[in-house]
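Colleague: Listed below, chain by chain, are the residues.
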Amino acid sequence: MKELTYVRPTDARDAVARVSDDPHARFLGGGTNLVDHLKLGLLTPDVLVDVSRLPLDEVTRLDDGTLRIGTNVRNSDLAAHPVVRSSYPAVTRALLAGASGQIRNQATTGGNLLQRTRCVYFQDVTTPCNKREPGSGCSAIGGYGRYDAVLGASEACVATHPSDLAVALAALDAVVVVLGRDGERRVPMSDFHRLPGHHPETDTTLAHGELVTSVELPPESALTRASDYRKVRDRASYAFALVSVAAALELDGDVVRDVRIAWGGVAHRPWRAAAAEEALRGETYSEEAVRAAAELELAAAVTGPDNAYKIPMVRNATAYALRGLADRSSERTGATR
Amino acid sequence: MTVQQARPVPNRAVGIASERVDGREKVTGLATYAAEHRDLQLDDPLHAWMVTSTIARGRVLRVDASAALALPGVERVLDHENAPRAASTDDRELAVLQDDRVGFRGQIVALVLAETPEAAREGARLVSVHYDAEPATVTLDAAGEDDFYAPEQVNAGHETDLEQGDVEAGLAGAAVRVEGRYSTPAEHNSPMEPHAATARWDGSVLTMYDSTQAVHAVAATLAPILGLEQSQLRVLAPYVGGGFGSKGLPHAPEVAAAMAAMAVEGRPVKLVVTRQQMFALTGYRPETISHVRIGAEPDGRIVALEHAAIGGTSRIKEYAEQTATAARMMYAGEHRRTTHRVAALDVAVPSWMRAPGEMPGMFALEVALDELAEACGVDPVDLRVRNEPELDPETGNPYNDRRLVECLQRGAERFGWADRPTSPQAIVDGDWWVGTGVASATYPTLWMPGNTARITADEDGRYGVAIGAVDIGTGARTVLAQIAADALDVDVASIDLAIGDTDLPAATVAGGSAGTGSWGTAIVQAAQQFRADHGDTPDPGVQTTGTAESYPDSVGHALHSFGATFAEVRVHRWTGELRVTRLLGVYSVGRVINPTTARSQFLGGLIMGLSGALFEESVRDSRFGHVVTQDLATYHVASHADVRGLEVDWLDEEDHLATPMGSRGVGEIGIVGTAAAIANAAHHATGVRVRDLPLTADLFLDVPPLP
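Order-wise, the sequence lines are chains A and B.
FYI, in the numbering used here the residues of the first sequence are 887 to 1223.
FYI, in the numbering used here the residues of the second sequence are 21 to 727.
To be clear, the hints were calculated from the coordinates, so they are not data collected in a lab.
Remember, it's a predicted structure, so these values are computed and weren't measured experimentally.
The beta carbon of each residue, even a glycine, is placed where N, CA and C say it ideally should be.
Please note that a few of the clues may not be correct.
Simulated restraints on C-beta separations [said to hold, decoys possible]:
#, chain 1, residue 1, chain 2, residue 2, range
1, B, Arg-58, A, His-910, 54 to 64 Å
2, A, Val-933, B, Ser-224, 40 to 50 Å
3, B, Gly-164, A, Arg-1167, 53 to 63 Å
Result set (EDC-like, lysine to aspartate or glutamate): computed pairs, CA atoms no more than 20 Å apart in a straight line [what the hints assert, rightly or not]:
#, chain 1, residue 1, chain 2, residue 2
4, A, Lys-888, B, Glu-135
5, A, Lys-888, B, Asp-84
6, A, Lys-888, B, Glu-95
7, A, Lys-925, B, Asp-651
From the structure, some residues in chain B lie toward chain A, with a derived Cβ separation under 10 Å [what the hints assert, rightly or not]:
#, residue
8, Arg-145
9, Thr-294
10, Leu-598
11, Val-657
Could you build the full structure based on these sequences and the hints that come with them?
Modeller: Take a look at the structure:
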């Protein structure tokens, strides 16, 4: 490991200034991903600015019902938070589907969103990777592709975003609050992560030095309460998603009043299945309709021999997740389907 | 003094379930592993970091260490031009930094020595190696037909090919035929403790704390390479955090640590292999492909059986997995052919991994048996019972106590096999398909000659028992004391056991499920000789050393352990995810010396079998030549959540033809057959027949309804 300077500012603005002024400085949160990168030689920063002890570790309900989650709220604490559990179950289930108990105790909310792909070539400095070293090439194309993206990939990068939490937040229209040198700005989850395009080295729309200070969930509703997260993986725990689905469903009798679908494991960012949602909204709910809507969303998918399975898998997982929500809706209303 | 062969011993301590004597040290962190030893001799070490090749084949043109040497804390950088010269380079895996040849990606091409691990690692990052790369062949798919050859023998000294009767005629005349291609991927042993060594050269003796399964074998192997007498090497391994075969033979990092220590005389050197480096430098189970053909009577009795196995090995050192040997002795049948072919590839050197041969071979054979059962309409348990041989088909010798049928029948009863629907896709429970499967297990009874034990009478009726065996986490430290107590007819509490040190009498490897049996025989022989020499009330200080060169009772018999594995799996009807809800193993292994530690071996074997069935796969990139799933986040081993109902049972028996304790071995049989039982259960659940490990979720998506 390269020698580096470690600082721990007590004020978020100081932390932002410290990183903004130095292209070789990095924020350090829980360290569950960044420290690996230091050891593997992926990152060689001169300065680590530890923000993990800034007082941004509370979950608060604002007057309008918005739930503000401080960036330093640990994954375990957020998963166990009573309001999150009851009003945003997809968030709790996504968190508990991720990593291990030890890692969840350490990992932060903001850090979770900013973790980087686990593409084996990105993590191996001996192989070309455009995300790690722009212009060097993509080793995943033509290589080990089991976890590769099927939607929104580019010739430069086929990596997937590994976060479970981000998928749930995308489905629930969360907003990321960011502090920069010029003050605070609010970034909808839909604009937070980006597709690789020609610049896979950039995962998000954050500028260097911008610090995530909190994540806000919209006021709870029938829809957020009827939300769920389903992760598909070979190993029963401690594995990244092959695919995952965050979903929310509000039925009026048989009719879909509102629906949210976001996918993990399929793209460089959490994939909000807007076309599928649009196809379902206002229509009669059925498993066939959900499958057809998923197919519509997947029409643009591009697959290789290693990841073609993701198409039927995410379609099935979506049907399964929504079926569970529909069944619960029926139980609540006594309706029969 | 006449040396007698060890005689059977009445059991008192043997057979008692006793806790590990070193359990407290281990769970409290007091046990010191290879990189943790600190004493006056080993304090203030230099830390070694390996620089490994980024080409699969070619030559090192130049190693530019200037940036590394400029880094504060970096003391030395060794490469093939300035490293100490080896006295022997016959073993190309172990000829570390001796020439410019690169034989596989991940080979050691330089070694950085620094004052801290961090500086060593950063120094290694800064070493710039220039290569002349040559075209490389790194996968079986890329190997041409001409690249496959018959090795002189396969692992463990087995014959490469064996043919009995006329297989083609037998198959042609058979009423029922099944045929299939089965494969297992390369797998890495992945013990918890990475390979590591702390070494110090004082000018005359090299002392090395090593993470190994065999201290004497390390000394014997390294001495000629280092140009030393074996007596100049002292190797110690008081605690080892698992090996699963990967520490059974010395590998290149041990040579690197020893060489570095000799290069900086007087200063200890510590070398820890990273998890990623373990995927290139510490052995692995090579990929296997098995073509199995079976011809049978309508009732399932096998007439002809062929198991043709192919696999890969490394061009720099041959290792041929004995994939087809279980098919030589497992079932009856007049006509039989078993063959092994390997292709030499520009890849890392494969080696032993738990039940080499039996694990991949019995996956193929036992899935094929399930297919035969289906083809004949015979229950899979009954099919195996019908194919019991009278004599060992391989040697013609009588078996000693072959009790496979009893394992199958006891297991079937305990598992509730009788209630099983015959056809697949018969059970749906909510979102899940449910199915059950069975497979046989077997492991040969190996016994290794040349173990020596020393018995010393101490004060107060205590006895010192010394042998250079290694406890790699199996419980050897506990069970050897039990064996010694019975052999001396004293309480276990009176035994002071010393192991894990080449200063102690010579011992063979903790491997082949033969450690306890082979070491134990030497202890029994020495103890009996001690009593013959010194009586029941010996004077303190007297001692006897005994070497067990043979245990001839076994001659003329086929000695194998057997078992039956039953699995229940659930396959998710929407996502294809497969979970193993129940596993039962019933084993016939001779006398179980310590039910607590033996049970752990069986459970661990079953879990490793489950892990191999569902997850483990070392994916080698065909362009680069190295395993890209090279950490435990991408090379999946079973997690706690994957392990549900596990049950183990064994037959109450003694086998005094195997060892004087009546024991055979328990370390490997648990992994054998387990993946087949799970694959067979998955077929029963879904109707989908998977012949290639691992059984991943994508294979069970959109299961079609049976016709």
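Colleague: Identify every previously stated hint that the structure contradicts and give their numbers, smallest first.
Modeller: Per hint list: single violation, 1.
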